[in-house]
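Q: These protein sequence lines map, in sequence, to chains A and B.
One point on numbering: in UniProt numbering, the residue at position 367 of the first sequence is 367, and numbering is uninterrupted.
One point on numbering: in UniProt numbering, the residue at position 291 of the second sequence is 291, and numbering is uninterrupted.
Hints listed in this document are in silico derivations from the structure and should not be mistaken for laboratory results.
Check before you lean on any hint, since a few could be wrong.
A pair counts as met if it fits within one copy or between any two copies, since identical chains are not told apart.
Calculated pairs, DSS-like style, for lysine-lysine (alpha carbon to alpha carbon, straight line, at most 27 Å) [to be verified]: (1) Lys463 to Lys130; (2) Lys252 to Lys580; (3) Lys482 to Lys246; (4) Lys130 to Lys580; (5) Lys463 to Lys252.
Only a predicted model underlies this, so the values are computations on that prediction, with no experimental measurement involved.
The chain contents come next:
2 protein chains.
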Amino acid sequence: MSDFRRELAAQLRVDSIRAAAAAGSGHPTSSMSAADLMAVLLDGHLRLRYDRPDDPANDHLVFSKGHASPLYYAMLKAAGAVSDDELLGFRTFGSRLEGHPTPRIPPTDVATGSLGQGLPVAVGLALAGKRLDRLPYRVWVLCGDSEMAEGSMWEAIQHAGWAGLDNLVAIIDVNRLGQTRETMLGWDVDGYAERLRAFGWHAVVVDGHDVEAVDRAYAEAEGADRPAAVVARTEKGHGVAVVEDKPGKHGKPLDDPRAAIAELGGERDLAVSVAAPADGTPYRFPPGSADPPTWRVGEEVATRKAYGVALAALGARDGAVVALDGEVSNSTHSELFAEAHPERYFEMFIAEQLMLAAAVGMQARGWKPFASTFGAFWSRAADFVRMAAVSRADLRLCGSHAGVSIGEDGPSQMALEDLAFFRAVHGSTVLHPSDANQTAQLVRAMAELPGISYLRTLRGATKVRTPADEHVRVGGSRVVRKGDDLAIVACGITVDEADAAAELLAAQGVRARVVDCYSVKPIDVDTLVAAARETAGLIVVEDHWPQGGLGEAVLAALAEADVQATVRHLAVRDMPVSGKPAELLAAAGIDAEAIAAAARVIIGRTG
Amino acid sequence: MSDFRRELAAQLRVDSIRAAAAAGSGHPTSSMSAADLMAVLLDGHLRLRYDRPDDPANDHLVFSKGHASPLYYAMLKAAGAVSDDELLGFRTFGSRLEGHPTPRIPPTDVATGSLGQGLPVAVGLALAGKRLDRLPYRVWVLCGDSEMAEGSMWEAIQHAGWAGLDNLVAIIDVNRLGQTRETMLGWDVDGYAERLRAFGWHAVVVDGHDVEAVDRAYAEAEGADRPAAVVARTEKGHGVAVVEDKPGKHGKPLDDPRAAIAELGGERDLAVSVAAPADGTPYRFPPGSADPPTWRVGEEVATRKAYGVALAALGARDGAVVALDGEVSNSTHSELFAEAHPERYFEMFIAEQLMLAAAVGMQARGWKPFASTFGAFWSRAADFVRMAAVSRADLRLCGSHAGVSIGEDGPSQMALEDLAFFRAVHGSTVLHPSDANQTAQLVRAMAELPGISYLRTLRGATKVRTPADEHVRVGGSRVVRKGDDLAIVACGITVDEADAAAELLAAQGVRARVVDCYSVKPIDVDTLVAAARETAGLIVVEDHWPQGGLGEAVLAALAEADVQATVRHLAVRDMPVSGKPAELLAAAGIDAEAIAAAARVIIGRTG
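If we strip away everything but chain A, and leave its shape as in the complex, we get (with noise of 0.2 Å):
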């Protein structure tokens, strides 16, 4: 078994050069330093039927070391899930091998490459393995050891530790040279292990060359108590002189592959028989019933607090919806989730990006996770945003506290860049309704929507306009108030202020059409062009800086069109302080007195 095991660790390492060298790039010594370590993983302890990547008793197997995806592909090769033909396509156009592993090639859950992600989703994976799906399936993680510096690790494994993570293990690749130069614990294997074991996690050291040791090291894994680590002390290049331990290796194919290869012992072709896992059937918890929660017209509510209850009756009808918050909850309100469906609900205390993985973790389980914080503290995730467009993942998010209408807490809770950051995501979604009717059943859209979407909702009450009949949709918005001398455009708290601003200019006898945008992305081109032709103007207000949000939205949207219109835009353009919200959208000039002067500008020019 042992010799079987070296010989296929020589083939992935054959093959980490073979690919690489074919591309022309990509990182084989940072492959072959964990090649023994795979090659027994993948004889003898993962469990996971590559023919069928969706089984859902199937372990896990995360690259979070994403670089090394030479190695991740040579194992799919040894595994029967790709032909040598691809792997020798590694990194070529149209090809489904990337650069660093994407779920276009299965049983891929998450891309990674983001260095310090990988552990995190698999914190995810492994809640959902105990939590929701109730499978005994393992989690297993090949960590980098430079990765082990980003904060987001040590999120992961104070969560794992705190959670008893048992069914979650992290194979740590201690090879000691990062892209520079050395790791800052170089091959202290037992430094990284007494870290870890402060955690609350069971820690064993072992040579990551020993096929033997790593075998028993494993066994030893998933025979503890708690989330395991194997820290193996290893060799970048381990096997070809000519890159083993050496600096300036890094992320390079080798200069004479065909003299590696034949020094590793030539070129091999092992198929090895991964076992499949006990037949299994995920847990689904069961749909009750709740009607959809509505308010009058007239009432005084908080969009966050409309979340809140939205989110808990969606819950007791759709048993996949699972929430997750930042220790904020009685602020965002997904409380009232974990009042209604507390085995449904993921505390995980401020860790933004632990929180973020996580639900992308679940998702790949095919969970239906909403993550709330602070808008403001979404930005704390912004990475693990970014790469879970590229993991093609289905995520809720919501942000509450949204720009300067929250008062006295200051700047440094108040969200004012989230639109423009979300836009920004590849396929994502952005909402940002103003009152509870709207939230309600924007809510209920994103539990069916593909990709990203983030809604944005706010700390005041503010009154129920949208009666609870009428239908909100994603590309939707609202024409508030009629008008055809021009048109406000507003979202969240600015369409109050927008509302008012009409109140004043319709005495003066103008009458400005109100538009309440509560969809930023995908936008309501439609209404948009509609007041772009049917009035002198717009003017686009909103509670959030100038760039990236909705009045470049709107402008964006008109473009596309080639509708061309005078457009005005009233955004935060000073740093804010704290104060009382009236107080502070009056600073920003976005409340309704500066809508009121604005239109009179347009109105003044134009009429």
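Following the hints, put chain B in place on chain A, whose structure we already have.
A: For chain B alone, kept in the frame of chain A given last:
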């Protein structure tokens, strides 16, 4: 002495309660848990001339748990830096005492309020003290226990341990209760200490309400030969029975402040003489001389390489310039600075949040940090950039490997949202040069820019078009080619494509103007307005998602000027894959052929 400290602590509690009561909001209970810790710090350990906040020899105090601002401001009052009247103006519009601390109130170095950021910034201050200023000031940080869940705290802990920052003391206020529930570790102070020790820290566990014990703990921390943590077991709301260690009391004023103040023994008016540091003059690196680099027109040079060369030369002339990188310095080419000025280069390993925070700390001490990583990975530090703007920090950031033009590595490594993100940072400057001579001049300009400036560089080589003696300026652009039929507006790699497209069009008798819009924010409005007025329309082409980048910047500039024009926008609309740069530019529809095709539509329709 202990009696005075106990009285001072009582005053800090009372004043915290008074400030929150006056404001009607705030976090008195989170302040009360740390009052004894801060009383002992003020009286006996901190060496900070509150009357001379700019004294370079001062100790630094960072409130990482920024929501304990009532306590922070109560300390300022006790130290004579604010009056009681100002204290009671907490959170009112115009007050320097905002909901969370900002540098508007000296001697506050940085804004806090997004948890997990104060300790990373403190690492930057401590690095500045040891390696740059070479002064014996100590950096004290008050941390909350909830924020220990943030990975960024562990990035800081890890680096401080590695770097041996014996001038750093973290005081961890373990009051057990977060916003909605108990923290993961509760009162397991030994658990915190064990973790910290595993990362190379000296940790002291203490009863945070025993002023004698706290005094001894600080003395022990001061004497440690490594970074030290005082892990203090405390009670949230300590001293007032109705809130003491009670859940549900986070972030709200006390119901009956008068009774609470009475329970604490009433108001006091103690003044504390905070110790002064010994006089000290910060070290400054002597300026040398180095000619700014230039390249000949027609040379092929990657702008990332030009960045490195220019930065190294800048460092020679300006001793205040320092550089940081996230372990990719041979990709960003900051390695050239590291080689030339090793004493001013900081390897931050793969920990982008810490890198950004450390740069914030260094600029707070007057240094001029340039920090670099892949453009895509700046998204990892997005919340830190956001908060740096609230801190009014002057930072220079470089992001390499822009867009699909990087090729085979695939989408995880491609910056496609960075322009959107950095444009939406308050007060930011966003630059994306197309050639080496532009890059070099912009690097020099960045050194003198206030606020956060971002330079986007390319992986591949581009042809030098800008003569070395041509002035390149923030807010400028360059007309690469004259023409009045239509205008193509590009930046970075798409300038090459735009010029090639113009060549194709010229062969068909179409004269396309090509504008190299290397300054994306601020943008050259005059040049864009002229292009809109003098041609049939604009094509904006960028290697970036359609949202928030150059295209929307151009639309916003034209709208602001109230100039109407046909604008067609070519950008990356589908998720890219691996491939050769040229294949990916073509697939995204942003190469010369695609630009020429779009031009024909504009000309065909309008001409």
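Q: Hint by hint, say whether it matches the structure.
A: Hints and how they fare:
no.	hint	verdict
1	Lys463 to Lys130	neither (42 Å within a copy, 56 Å between copies)
2	Lys252 to Lys580	between (57 Å within a copy, 16 Å between copies)
3	Lys482 to Lys246	neither (72 Å within a copy, 52 Å between copies)
4	Lys130 to Lys580	neither (46 Å within a copy, 42 Å between copies)
5	Lys463 to Lys252	between (60 Å within a copy, 25 Å between copies)
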